[in-house]
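Visitor: Here's the letter readout for the chains.
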Amino acid sequence: MSFVNPIFLFALAGVAVPVLLHVLTRDRIQHATFSTLRFFAKGAKLVVRRKKFQELLLLLLRVALAALLAFVFARPFFGAKTVDTRHEFATARVVVLDVSGSMKRAGLPEALKKEAQDAAGSLTEGQDAAGLITFADTPAIQVPFGDKIAPVKAAADAVTPGYGGTNIADALRKANELLRSVRAKQKEIVLVSDLQRAGWSYFKGDWKLAGDVKLTIRQVKPTDAGSGLGIVEMSAPNSLVLDKQPASIAVRIANYSDQPRNDVDVALWLGGQKADAQKVNLRANGTVAVRFRHVFDTPGDNPGYVVIGSGASTPDNTVYFNARTIPRIPVLLIDGRPSPNPQIDAAFFLNKALVPTDESPFVVTTLAADKVAPQNVAGSSVVILANVGQVPPPVAEAIEALLNRGGGVFFLLGDQAQADSFNSEFGRVAPCKLRQILQARPANGETAESLTRIDFDHPVFEVFSLPHHGDLSLPKFARYWETTDTQLSRVLARFGDIRPAILERRIGKGVSLALVSAIDSNWNDFAYQSVFLPFVHQIVRYLAVQTGQQATFTSGDLLPVPDGDTLKDPQGQTLTPTQTGTKSGYYAAQPGLYNALNAQGQQDFCYAVNGNLTEGDPATVAGDEIAAAIERAPDEMLGGLDADATSAPQQGSEKKDAGLWWYLLAGALALTFAELVVGNKTQRH
Amino acid sequence: MANPGVLDFNVLGRIDSMQLLAKVVVEGFILGLHRSPYRGFSVEFAEYRQYSPGDEVKHVDWKVYGKTDRYYIKQFEEETNLVCYLIVDASASMGYRSAPEGPTKLQYAAKMAACLAYFMMRQRDAAGLMIFDTKIRTVLPPRLRQTHLKHMLAALETTEPGGETNISGPLHELAEGLKRKGLVILISDLLDEPEKVISALQHFRFQGHEVIVFQVMDNGELAFPFTTMTEFTDLETGQKVTVSPEGMKPVYLEELRQFLAAYEKGCGGIHAEYKLFDTGKPLELALSEYLYRRSRLG
Numbered sequence: 014m015s016f017v018n019p020i021f022l023f024a025l026a027g028v029a030v031p032v033l034l035h036v037l038t039r040d041r042i043q044h045a046t047f048s049t050l051r052f053f054a055k056g057a058k059l060v061v062r063r064k065k066f067q068e069l070l071l072l073l074l075r076v077a078l079a080a081l082l083a084f085v086f087a088r089p090f091f092g093a094k095t096v097d098t099r100h101e102f103a104t105a106r107v108v109v110l111d112v113s114g115s116m117k118r119a120g121l122p123e124a125l126k127k128e129a130q131d132a133a134g135s136l137t138e139g140q141d142a143a144g145l146i147t148f149a150d151t152p153a154i155q156v157p158f159g160d161k162i163a164p165v166k167a168a169a170d171a172v173t174p175g176y177g178g179t180n181i182a183d184a185l186r187k188a189n190e191l192l193r194s195v196r197a198k199q200k201e202i203v204l205v206s207d208l209q210r211a212g213w214s215y216f217k218g219d220w221k222l223a224g225d226v227k228l229t230i231r232q233v234k235p236t237d238a239g240s241g242l243g244i245v246e247m248s249a250p251n252s253l254v255l256d257k258q259p260a261s262i263a264v265r266i267a268n269y270s271d272q273p274r275n276d277v278d279v280a281l282w283l284g285g286q287k288a289d290a291q292k293v294n295l296r297a298n299g300t301v302a303v304r305f306r307h308v309f310d311t312p313g314d315n316p317g318y319v320v321i322g323s324g325a326s327t328p329d330n331t332v333y334f335n336a337r338t339i340p341r342i343p344v345l346l347i348d349g350r351p352s353p354n355p356q357i358d359a360a361f362f363l364n365k366a367l368v369p370t371d372e373s374p375f376v377v378t379t380l381a382a383d384k385v386a387p388q389n390v391a392g393s394s395v396v397i398l399a400n401v402g403q404v405p406p407p408v409a410e411a412i413e414a415l416l417n418r419g420g421g422v423f424f425l426l427g428d429q430a431q432a433d434s435f436n437s438e439f440g441r442v443a444p445c446k447l448r449q450i451l452q453a454r455p456a457n458g459e460t461a462e463s464l465t466r467i468d469f470d471h472p473v474f475e476v477f478s479l480p481h482h483g484d485l486s487l488p489k490f491a492r493y494w495e496t497t498d499t500q501l502s503r504v505l506a507r508f509g510d511i512r513p514a515i516l517e518r519r520i521g522k523g524v525s526l527a528l529v530s531a532i533d534s535n536w537n538d539f540a541y542q543s544v545f546l547p548f549v550h551q552i553v554r555y556l557a558v559q560t561g562q563q564a565t566f567t568s569g570d571l572l573p574v575p576d577g578d579t580l581k582d583p584q585g586q587t588l589t590p591t592q593t594g595t596k597s598g599y600y601a602a603q604p605g606l607y608n609a610l611n612a613q614g615q616q617d618f619c620y621a622v623n624g625n626l627t628e629g630d631p632a633t634v635a636g637d638e639i640a641a642a643i644e645r646a647p648d649e650m651l652g653g654l655d656a657d658a659t660s661a662p663q664q665g666s667e668k669k670d671a672g673l674w675w676y677l678l679a680g681a682l683a684l685t686f687a688e689l690v691v692g693n694k695t696q697r698h
Numbered sequence: 172m173a174n175p176g177v178l179d180f181n182v183l184g185r186i187d188s189m190q191l192l193a194k195v196v197v198e199g200f201i202l203g204l205h206r207s208p209y210r211g212f213s214v215e216f217a218e219y220r221q222y223s224p225g226d227e228v229k230h231v232d233w234k235v236y237g238k239t240d241r242y243y244i245k246q247f248e249e250e251t252n253l254v255c256y257l258i259v260d261a262s263a264s265m266g267y268r269s270a271p272e273g274p275t276k277l278q279y280a281a282k283m284a285a286c287l288a289y290f291m292m293r294q295r296d297a298a299g300l301m302i303f304d305t306k307i308r309t310v311l312p313p314r315l316r317q318t319h320l321k322h323m324l325a326a327l328e329t330t331e332p333g334g335e336t337n338i339s340g341p342l343h344e345l346a347e348g349l350k351r352k353g354l355v356i357l358i359s360d361l362l363d364e365p366e367k368v369i370s371a372l373q374h375f376r377f378q379g380h381e382v383i384v385f386q387v388m389d390n391g392e393l394a395f396p397f398t399t400m401t402e403f404t405d406l407e408t409g410q411k412v413t414v415s416p417e418g419m420k421p422v423y424l425e426e427l428r429q430f431l432a433a434y435e436k437g438c439g440g441i442h443a444e445y446k447l448f449d450t451g452k453p454l455e456l457a458l459s460e461y462l463y464r465r466s467r468l469g
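Residue numbers (the working numbering), protein chains in the order written: chain A, 14 to 698; chain B, 172 to 469.
Incorrect hints may appear among the rest.
[Claimed, not checked] PhoX-like, lysine-lysine: derived pairs with alpha carbons at most 20 Å apart:
hint: 1; chain 1: A; residue 1: LYS65; chain 2: B; residue 2: LYS420
hint: 2; chain 1: A; residue 1: LYS126; chain 2: A; residue 2: LYS166
hint: 3; chain 1: A; residue 1: LYS365; chain 2: A; residue 2: LYS257
hint: 4; chain 1: B; residue 1: LYS367; chain 2: B; residue 2: LYS446
hint: 5; chain 1: A; residue 1: LYS65; chain 2: B; residue 2: LYS411
hint: 6; chain 1: B; residue 1: LYS411; chain 2: A; residue 2: LYS64
No wet-lab data here; the hints were simulated from the structure. Since the model is a prediction, treat every value here as computed from it, not as a measurement.
The following block holds chain A by itself, in its conformation from the complex (with noise of 0.2 Å):
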């Protein structure tokens, strides 16, 4: 910890103030003849031991705000730790070290070590002081800085790189300001890095390393130029439905080199079987997008990886997933109008939608709104309220604890909403409210509207995006609510007038959609359209599966272990909880698939965990362009938002350091409320 004022340190002579005024008006004990003690014999060693305990607080507090403020005003920094910044050193240097994933190609963690070793290797030890700083995604100081070159050898040796992507902007940041407060004839960041350019692609150019600091940058090559082929992206369902529907597993593969390649193989994996395999060809510096479509029939976990060449299987050329299915889902399908005439009764055309065939992956329960109960509600996943004017008051309670606890809700709004009614009830788990039902205007010879500007980037639109895959313009609305209060919602679909056709609410940790016109010939032919029963099966399924938990991660992510089970990692090894900062959990530190058992040591749940993918890219940025980035002239002048590295509030430690700031000031004055309260009571004891 360094100060920005050290000055102000001379303050904590302060502390005596207190412990004076302590000792020079603490109660001088007097004697005193009395006829009888038979009235506070019993509270007086009580009140004599807490007068005594609270002078004694008090002294404590007084103490500890005097020591407080004086820390306050010399306004503590963590970085350059251990060093004297009155000392002037002959030369300051912090040792940046690149442990990104894109370091662990061959030959580059030797390498890294290696030159690690020469920048600090020419330091010496009582003249010269160093740290030394990692960085992946964030800096992380290894060796604090100080005039100890040993630890930083030693530190240097041991770096090892890991999974995270790269930042190099931020860890030339975090060493600027090691340097900031100390004193010495030469200041030298020191940048040992690959230089991979997505790891530069962070630099905003809003700031500049202090004048008197010099950047040297050690570009450190791979050995081997590996297969130059590497995963970029990566599609995989998260969560699905269990039915025989197949679903689609996609990647992207670029080719990092200058000449294409062709038969690359490219291989699914499934359960530790080759499922699918397909051979692609690459152009020089192309990518090509790989589509594996696949039935998933096993409930739980289905864990897989989509792996590059025929070799074996690595964290470079792999990428892991676990499409996990669920059951048959409950939909309570509440009819607002139930009515022996199918065509304007809503509930008859989603029934025969949602459960075509027995096979159907729904289990719909079919109510009137009269009948509904919060039961009804409780067991479902989905509830569609079709034509609902209004429900009771405990149903609709049920329905805000539905969607706080991950479930979907479908409002297909019709002539039984009113307005009123529906705002006030519905108002908190709709996507919006509604003002009036509209007629459709002709025109252009059409006598009703249809679904424009539909949103296909949204997993329920997402199917209907490619030619012959449902045309959602040709169901034609003659009726529709006008709506209102949807700055919340996403639109998914328009009518020709603009006017919102489909909206999207994430309330709590579920989702309500509304689709603002009814199931119902008067309204509209949706259900006579061949896309209606995708469409509601879409609408479904995403309601139900788009909250299922969580399956791919990232490395350094925290996994979401249950309470009780135990997590076995990529080699089967188990895993105990560590602590980083105040949480402490599971990290995931390196790609794979991790399994979590449960205390029978039953297969729990099982987390796909990837590298960072723009590791694979082997393009650098030159260290050139990077010094001049960010080294300031000896005439440059800093104006305007420009940030100072020196001194302008910067960002990652940097707001670290004001927050302690801020805690130390929110302590003084805890403090001083502290000593006021108990200085009151010792005064009136």
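Here the structure of chain A is known, so what remains is to put chain B in place on it, guided by the hints.
Guide: Leaving out everything else, chain B in the frame of chain A:
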């Protein structure tokens, strides 16, 4: 004449104007309007009173009738039947005073006893004096002679605070020894267990005595004016305790309040008069206030 150290003539002079009214039954303890219920005819002429039906004809003063043509009865003041027992506590705690210039509780009690004795003697009631601490130290049986007053004043003057307080024991002993029923006036700080003291006073009540309790407390005891950390030494036991008065004061005052309330309630329960005296308050004022209140009740 009485020792001026004990008998304060200024006090007596001011109290002289008061008329002591007896509330209840004790014969003789009435000043002024009804001085003594036993007006006799044997000792000393007292006054004339207009004849009223029922008076014996033999007491009519015929000479006056001859002069005034009205019937007057000749009355005499006889030796009273009232016997007053003044019981003074002289335990060590009675030697306490918070202000160096003020009286100790014993001095205050002695003055009070002297004044009361003087009044008794003046209205020809027999007064006796008992002084005790853990045991009975002095007993002067009730007499009516002027020389007896001198003896009582001398005894009060020479009394020094002694041992620990043991009120109930001597009181029981005295109650057993008093032959004639009369008025018992206990002057003490009552720093003993209230139940025991009340029990002893009840003993007097059983014997047919009227009981008046004058509790004498120092102003320092009542107000607890200490402000700094103090080591208190018990006057009677020598026990020491260190106290932070600011914190102790509420506890002390609450304990004291309960203590005094116990006496007031206990005395009420046995139909004994109870009055708390503060030595910081002038004696004549305190006595006057008490007598006035009593007269209003009577």
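Visitor: All the hints need checking, so say for each whether the structure fits it.
Guide: Each hint tested on the structure:
With a CA separation close to 17 Å, the supplied pair LYS65 (chain A) and LYS420 (chain B) stays within the 20 Å bound. A hinted pair counts as satisfied when its Cα atoms are at most 20 Å apart, and LYS126 (chain A) with LYS166 (chain A) qualifies at roughly 9 Å. Under the criterion of a C-alpha separation no larger than 20 Å, the hint pairing LYS365 (chain A) with LYS257 (chain A) is consistent with the structure, at around 19 Å. Taking the CA atoms of LYS367 (chain B) and LYS446 (chain B), the gap is about 18 Å. The hint holds against a cut of 20 Å.
With a C-alpha separation of about 18 Å, the suggested pairing of LYS65 (chain A) with LYS411 (chain B) holds against the 20 Å cut-off. Between LYS411 (chain B) and LYS64 (chain A) the CA atoms are separated by roughly 18 Å; this keeps the pair inside 20 Å, and the hint holds.
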